[in-house]
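Asker: When you get a sec, could you build the whole thing from the sequences and use the hints?
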Amino acid sequence: MSKAKRGLIGVLVLAVVAWLAPGAMSADPIRVAYIDPLSGPFAATGENGLKQFRYAADQINRAGGVLGRQVEIVPFDNKVSPQESLIQLKKVIGDGIPFLFQGNSSGVAHAISDAVQKHNERNPGSRVLYLNYSAVDPALTNEKCHFWHFRFDAHADMKMAALTDVIKANAKIKKIYVIGQDYSFGKAVADAAVKMLGQKRPDIQIVGNELHPIGKVKDFSPYVQKIIASGADAVITGNWGADMVNLAKAANDGGLKVPFYTYYAASDGVTAAIGAAGVDRIRLVHESHPGNPDAPKPLADHIAGYKKLHANNDINQARIHTALNMLALAVKKAGSTDADKVAAALEGMEWTNLSGDHVVMRPDDHQLLMPIYISVHTNKGIKFDYDNSGFGLSLESKIERDKATLPAACTMKRPS
Amino acid sequence: MSAPAPATTRHVEVAATASWTHRLRRLGVWLAAGALLLALPHVVRNPVAVPVMNQMGIAVVFALSYNMLLGQGGMLSFGHAVYFGLGGFIAAHVLNLAGPGGLYLPVPVLPLVGGLGGLLFAALFGSFSTRRAGTVFAMISLGVGELIAASSLIFDGFFGGEEGVTTNRTRAPLLLGLEFTTDRQVYYLIAGWALVAAALMYSFSRTPVGRMANAVRDNAERAEFVGYSARWVRFVSFCAAGFFAGVAGGLFAINYEILTAENLGLNASGAVLLMTYIGGIGYFVGPILGAVVFTFLQSMLSDYTGIWLLYLGIMFLATVLFVPAGLAGLIAMHLPAWRAGRLRTLAAPYALTALVALVTAAGVIGLLELVHFVVSTSPSRTTMRLFWMTVPARTLAPWLGFAAAAAAGALGVRWAAPRAAAAFAAASRPPGAP
Amino acid sequence: MLELALFSLLNGLVFGMLLFMLSSGLTLIFGMMGVLNFAHASFYMLGAYFAYTLGASVDFWPALLLAPLLVGGLGALVERFGLRRVHRFGHVAELIFTFGVAILVEEVVQLVWGRPAKSYEAPAVLDFALFRLADNAFPAYKGFMLLVAVGIFLFLFGVFTRTRAGLIIQASLTHPGMVAMLGHNVPRVFMVVFGVGSALAGLAGVIAGPVLGTFPGMAQVLGSIVFVVVVIGGLGSLTGAFIASLAIGVIQTSAVALDLSLGTTAASLGLPVDGGGALQDLWRVTIAQVAPMLPYLLLVLVLIVRPTGLFGTRET
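Heads up: the sequence lines are chains A, B and C, in that order.
Oh and the first sequence: position 336 is 335 in numbering that gives the first Met the number 0, straight run, nothing missing.
Oh and the second sequence: position 68 is 67 in numbering that gives the first Met the number 0, straight run, nothing missing.
Oh and the third sequence: position 191 is 190 in numbering that gives the first Met the number 0, straight run, nothing missing.
Simulated from the structure, these hints should not be mistaken for laboratory data.
Even for Gly, the Cβ is constructed at its ideal location relative to N, Cα and C.
Hints may contain errors.
Derived EDC-like pairs (lysine to aspartate or glutamate); straight-line CA-CA distance at most 16 Å [said to hold, decoys possible]: (1) A:LYS402 x A:ASP356; (2) A:LYS167 x A:ASP363; (3) A:LYS186 x B:ASP155; (4) A:LYS199 x A:ASP164; (5) A:LYS117 x B:GLU220; (6) A:LYS143 x A:ASP363; (7) A:LYS174 x A:ASP202; (8) A:LYS256 x C:ASP134; (9) A:LYS256 x A:ASP293.
Now the in silico label distances, taken between C-beta atoms and shown as ranges [stated by the list, open to error]: (10) B:LEU395 x C:THR238: 47 to 57 Å; (11) C:PRO122 x B:SER379: 25 to 35 Å; (12) B:SER379 x C:ALA4: 24 to 34 Å; (13) B:ARG418 x C:SER56: 54 to 64 Å; (14) C:SER56 x B:LEU123: 46 to 56 Å; (15) B:THR394 x A:ASP279: 38 to 48 Å; (16) B:VAL373 x A:ASN169: 39 to 49 Å; (17) B:THR394 x C:ARG79: 30 to 40 Å; (18) A:ASP279 x C:ALA4: 41 to 51 Å; (19) A:GLY347 x C:LEU296: 46 to 56 Å; (20) C:SER56 x A:ASN169: 41 to 51 Å; (21) B:ARG380 x C:THR238: 48 to 58 Å.
Selected chain B positions facing chain A (Cβ under 10 Å, derived; list incomplete) [as the list claims (entries may be wrong)]: (22) ASN254; (23) ILE257; (24) ASN266.
Answerer: Structure below.
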């Protein structure tokens, strides 16, 4: 009895001490909150993102900071849970931090975006800006758009528009199989694929449109057999995490050789886990130059510098650099950290990112417009690999910004 | 275990004829709890405190409802979040219907809607799952939990897919001019409902059916001989538990204005089991303590360490192994000593053991954090912050230091614990006994 | 179409036999000790991770033997110093204890091996297609998995019917008191059975890791399905576990091939379908889509109709 009793008391005492200990309260730096998973199964992604944010912030600080102040990234762990995210959001607001970044999971993004909008409407005195660097549900900048949300990644439909452009140019593809996780993102990918392929290549046959429960499939072999039986020339999937790795492995084991067009089949362990099973088969649609075979100089320097600090992590979201620098520039332009003023400064802002691309924050829906890249998973000619695995992404094609831009579908209400 | 039937009837009588002073004292406890709840937001000044207390209030109602099954009814459920979540979803949908030109439904009534939703589904699933107790019940609850969690991602129309269902509490019509824009206003609503729900659940445990639930838990066969259908008693308990889980879900809908699939998933069901058990399933206040401690650790520990779940797991296992009666049991254990006025004699031996235990804990935590650091960061980073120190994690010294602290502390515990136990035994001896 | 059916069946068989390796240990542990061991799949995960680490330093083949032994030893320790202690607090406490062990193992695995999936690969010797049919390939490694599983089945069968130890275990399943009277150390039998059950789970992890992935969530993914198998088969019944494993393996894989939904079925029968309302999704969902959910549906249905499971004799 007594041993555990003491253990419990110890934990309780620690917890109380932790509660009473004041957080970093120095008012001097410009604090930027980072709400993403830092524990649990998705922590690898969240921790790597945090490191990339801090790396970008250090660069800004070395160059003199913003308005003479340093930029400080303050991490909050949301365990990819909408409920936890809202608790952490309250902490952010309570601490008086005006900016917050979040990216993992569109479900969480919706929860935060909605809560930020409600908070800002109800509390004009303590408004916050939600800067979304990775959640790609199109609705966030369409029907659910609002003035205090900005997105720095290309959303799922933009990526699909680019992908279908590539498929359109490939006359060899006649039959396509769409497979995805049975939830909003998987469905959004499937719907967009069917719709856009119908417009661009009506001759292509969708031979399968499959949704499987998310995170519940133990063995993907039956799905692979179905794809083989359908005679598909290419597969489109929005799968991520274990569902992506296992699909790729089952495809390799089952002898399925056709290309897989994916959104999230790289880095944070996925590249290493797919390994040889994905060579020349897995393709990724993303927003930045993959770094291979010839990276633009600023990107190469950025990756090399990061690798020196964090040998086990990769720059897999170059948009983090873009997002933080655009925020810094907006604060500089606004001359303050007031959420409304900074938001106004961000609208229409232009920026040249690490890939050398000219990107624009569209005022109509707060969606960053950018070119889109399609890369292939390979171990040939890889200078910057992922997961130190020798495998990485190599550039296959690039769709310019004007081609990858979709019309805005947002009625933006601005605070008077 | 022996002769539960007569014992139970006697209890019912006692409850029914509880003397005046007894009732007055019980009323005093509830009034004191209410006063404490009213005062809390004025005492705790931390800006994050109110949102965390809101979360605690919801967890308290949920955990209490879970203990109606596990503690009072002996039914181990792995799917209790189903009723919390479904109640919450229904409340959120109803709140969306409310407002100008819509339904007249003020926010304070909403938890009742959630409760009715929980009750509805509890009656539905309970109709077949409460036919048996024990493993069969547990497994059906697991199956139902998995099925509902899976369908929540398939049936977009009701569950809103991954984004869930959002709502807005400020659009609902006002009752007595009560507005709910700030967290503090919501706090009073949650505190009020939590108090009422706790009082109702307590009263339920005193009703004949509540008493019979205990009897059925201990020996269903004998309970049947008294004339009660064990299945009916289980079903009633199950429905009541579903109702209060739904109330908690309704409170959740008001507080967070969003319901997502995670609210009815297996993890949520597991969490309520953990918090109830840590608090102590044998006592009415157990789940309250468990919910408060668990919520606190869950939302605050993660600010300090990435492996907080590991600490929570260790704490949980330690509870099961060493304090199966939970936090409440730990406190109840000391009641005899308190009544005898000998609590003071425990202070010194307890403080000593606490001190050495703290040293052990610091050593173990230090070692775990070192492992975590070495595994999860790049070799180029050599120092970490640990216990307000900068530690060169990739050298031998800190490892030896923390290992030494853990070992020395463990030895200290072995020396001090028997003394504390002896002091406890001495203090708990009834007065007059040798 | 024929090859689709054949490969579905083969894959179902492989998956089913894998489930059997897990469920055989679980059902024995339950039958003997009355404990539903929530940590069983955690031992499966540990098997995969141990083999991954051992495979990197020695080789796959020694790891195939060593990893299950390590896991078995660990299991025995958990029984000896954890479960036996909790035993006196009753079955709920035991079950909750194993629940806690499952959480702890998952956290420790994340702490030691990190969160991302590990690239644990099948040995190169087995990296070829055993046979091809149309465009489908059946990997040799899956054949190997099947072989190991059948071997384990025969081994268990032999031990139970032909050896003295098997008889003691069978006797302790039903009459633990009597076995103790006869001078056998029942707690030690419990410990051995728990250890062997864990080792079997570990072995399943070693051979499944390369195919189903080696990541911290792998125990959770498989955990509840193994429960389903054991409960449907009947708690404590090896035959039941065997039949339920194969049935669930085959049902799950072949359901994936069926693109039927309520809506299309009704339409093909000429019934008008109202596609609106809150239940509109009910008409849209195909059998393939809900394939991984079918075992749970089966579980609930079996328990309603036959609370002892298909081959079980008791329901506690």
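Asker: Indicate, hint by hint, whether the structure satisfies it.
Answerer: To see whether the hints hold, each was checked on the structure:
A hinted pair counts as satisfied when its Cα atoms are at most 16 Å apart, and A:LYS402 with A:ASP356 qualifies at roughly 14 Å. Between A:LYS167 and A:ASP363 the alpha-carbon distance is near 29 Å, which puts this suggested pair outside the 16 Å criterion. A threshold of 16 Å between alpha carbons decides the hint, and for A:LYS186 with B:ASP155 the separation of about 11 Å falls inside it, so the pair holds. Between A:LYS199 and A:ASP164 the alpha-carbon distance is near 8 Å, which keeps this suggested pair within the 16 Å criterion.
At most 16 Å may separate the alpha-carbon atoms for a hinted pair to count; A:LYS117 and B:GLU220 exceed this at roughly 55 Å. A threshold of 16 Å between alpha carbons decides the hint, and for A:LYS143 with A:ASP363 the separation of about 13 Å falls inside it, so the pair holds. A threshold of 16 Å between alpha carbons decides the hint, and for A:LYS174 with A:ASP202 the separation of about 9 Å falls inside it, so the pair holds. Restraint check for A:LYS256 and C:ASP134: satisfied, since their Cα atoms lie roughly 10 Å apart, inside the 16 Å limit.
Using a Cα cut-off of 16 Å, the hinted pair A:LYS256 and A:ASP293 is violated, with the two alpha carbons roughly 27 Å apart. Remark: the range hint 47 to 57 Å for B:LEU395 to C:THR238 is upheld by a beta-carbon distance near 55 Å. Checked against the given bound of 25 to 35 Å, the beta carbons of C:PRO122 and B:SER379, roughly 34 Å apart, stay inside it. Distance hint check: the CB atoms of B:SER379 and C:ALA4 are about 55 Å apart, inconsistent with the given range 24 to 34 Å.
Between B:ARG418 and C:SER56 the C-beta distance comes to about 46 Å, which lies outside the given range of 54 to 64 Å. A beta carbon spacing of about 55 Å between C:SER56 and B:LEU123 agrees with the range 46 to 56 Å that was offered as a hint. Checked against the given bound of 38 to 48 Å, the beta carbons of B:THR394 and A:ASP279, roughly 45 Å apart, stay inside it. Against the hinted window of 39 to 49 Å, the Cβ-Cβ separation of B:VAL373 and A:ASN169 comes to about 47 Å, which satisfies the hint.
The supplied range of 30 to 40 Å is met by B:THR394 and C:ARG79, whose beta-carbon atoms lie about 36 Å from each other. At about 31 Å, the CB distance of A:ASP279 to C:ALA4 disagrees with the hint of 41 to 51 Å. A:GLY347 and C:LEU296 have their C-beta atoms about 54 Å apart, which keeps the hinted 46 to 56 Å range intact. Taking 41 to 51 Å as the suggested C-beta distance range, the pair C:SER56 and A:ASN169 conforms, at roughly 45 Å.
Between B:ARG380 and C:THR238 the CB atoms are about 56 Å apart, so this pair conforms to the stated range of 48 to 58 Å. A least Cβ separation of about 9 Å between B:ASN254 and chain A falls short of the 10 Å threshold, and the interface hint therefore holds. Nearest Cβ of chain A to the Cβ of B:ILE257: about 5 Å, under the 10 Å cut. The hint holds. With 10 Å as the threshold, the beta carbon of B:ASN266 comes within range of chain A, its nearest partner Cβ sitting at about 9 Å, so the hint holds.
Hint compliance for this structure: hints 2, 5, 9, 12, 13, 18 are not met, and every other hint is.
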